[in-house]
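Student: Protein chains in written order, with numbering that gives the first Met the number 0: chain E, 0 to 265; chain A, 0 to 255.
For the record, the hints were derived by calculation from the structure and aren't laboratory data.
Be aware that a few hints might be false.
As the list claims (entries may be wrong) - List of simulated lysine-lysine pairs, BS3-like, C-alpha gap at most 30 Å:
{"#": "1", "chain 1": "E", "residue 1": "Lys78", "chain 2": "A", "residue 2": "Lys159"}
{"#": "2", "chain 1": "E", "residue 1": "Lys81", "chain 2": "E", "residue 2": "Lys142"}
{"#": "3", "chain 1": "A", "residue 1": "Lys54", "chain 2": "E", "residue 2": "Lys56"}
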Amino acid sequence: MLQPDSANGFVTLDGVSHVYGGTGGTLAVEGLSINVSRGEFAAVVGPSGCGKSTLMKLATGLQFPFKGAVRVAGEVVSKPVKIAGMAFQAPTLLPWRTTLENLLLPLEIVEPHRSRIRRHKAEYVERAENLLASVGLRGQGSKYPWELSGGMQQRTSLCRALIHEPDLLMLDEPFGALDAFTREELWCVIRDLHAARKITIVLVTHDLREAVFLADRIFVMSARPGRIVSERVVDIPRPRDLEVTFTPQFTGIVHELREHIVKARQ
Amino acid sequence: MKTTLAIRLAPWLATVALFIVWEAACRIFNIPVFFLPPPSLVFKAVIEFWPALYKHSLFTLSSTLVGFAMAVGFGLLLGLAVGWSRAIYAGVYPLMIGFNAIPKVAVVPILVLWFGIGFVPAVLTAFLISFFPIVVNVATGLATIEPELEDVLKALGASKLDIMRKVGIPRALPYFFGSLKVAITLAFVGAVISESVASNVGIGNLMLQAQAQFQVPLIFAGLLALAVEGIVMYALMAMLEARMTGWAQRSGFAQG
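Please construct the entire structure, taking both the sequences and the accompanying hints into account.
Tutor: Structure, rendered in structure tokens:
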């Protein structure tokens, strides 16, 4: 069982405050502390505009806090965290590249792949094809993104976040734009990826059922300026099946979180 | 297949219809030739003055193309620079808008002062009038990169140049090729303006001379030559656009 451990946390935010637009701007987060262990699946829920996306940017080194410290894999974040992969609500695939070429994009950026990819193209293409197969897109690599459905585009976007085999996966409402059935399908895709790769995942979402189904631990954020008002360990045993979402234990946790959110919005 | 045939024939039918209406109007309303010559007389003038028309058309075409090529090179570079940095954008944009607002016919006398009459002012007028849409379009293409995608790449340690090469420039290409269609037509206008004011050759000059000698059918023959050249150049740019950026043109809108 994974236990929170502030000394050995994989992603830790310690008393972090962040302001957009320099001093005098509005506080996005204030006194935010989070601790995610290696291999853990953490979810962050909260009312809209609570600074969830700020959390994403802080943890990946796209923004730096003006107070407090952010550590990833034991190091203070002072530049972009290259061991992280990101996926968002919009799949943001490049329309002039095929699905496979879209997957190769991060490898053309990040070292050591960047300097290898020209000479070892076949090896990377194989890796991308295997990854596509693992999310149910076998043989779809030669299609252009606009030839894929919304759910398939989002699967591709997940693959792009995983192609350089990051230790940390940051997901910002990745299923928000999908219909209910496709969304649940993708929950299972992400669940299986987590189980197979032992990767640390931080999922930002406003869907409480999604958070409870996927996460080991859930952080509830307050309204802006965001900080953690509650932390809940989800003790539903893995592997979890979609059926689990109909059990009293599951709905109990969802209700409990909901009350926190209602309070947080006031 | 029936619809595609209709669509293929449509431009030719519309052109022929225009000439028929024009010819008919001239005959029915008995319009004097020196006011509006019927197309039959205009075509006769085309055949009669073919060597002159050909020579002057080639001149106009060459000054247009040289000016256009300069506009493509300069417009592309400036567009990339403006899209690259907010500071360059803030500094250069107001100047460009001001410059673009100046009617280019007002610049020709200055060009004549500097370079004399003929080829050089025609090329420069074509250049000055046509680079603006290229700059604006390239800069717009660069400005519309999705911020999320930028985040994904920045988090991987991508430099600004990486993002520009992998995302910005391919994204700006449809805008760029789209702007060429506008720019080539404008370059043509610029060349003709300069020729009518300050040149001894070119279609613009030919029409001015025809006007002085009251050869009204020849004036219209000159217009016809301009229109044909304009259509051919536009079509070439449209073909280039379709070839280079097919991925951006998949909409079925207006195909029915």
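Student: Confirm or reject each hint.
Tutor: Each hint, compared with the structure:
Distance hint between lysine 78 of chain E and lysine 159 of chain A is fulfilled; the C-alpha atoms sit about 14 Å from each other, no more than 30 Å. Distance restraint check for lysine 81 of chain E and lysine 142 of chain E: the Cα-Cα separation of roughly 28 Å lies within the 30 Å cut-off, and the hinted pair is therefore satisfied. For the hint pairing lysine 54 of chain A with lysine 56 of chain E, the CA-to-CA distance comes to about 64 Å; that exceeds 30 Å, so the pair is violated.
Checked against the numbered hints listed earlier, the structure breaks hint 3 alone; every other hint is satisfied.
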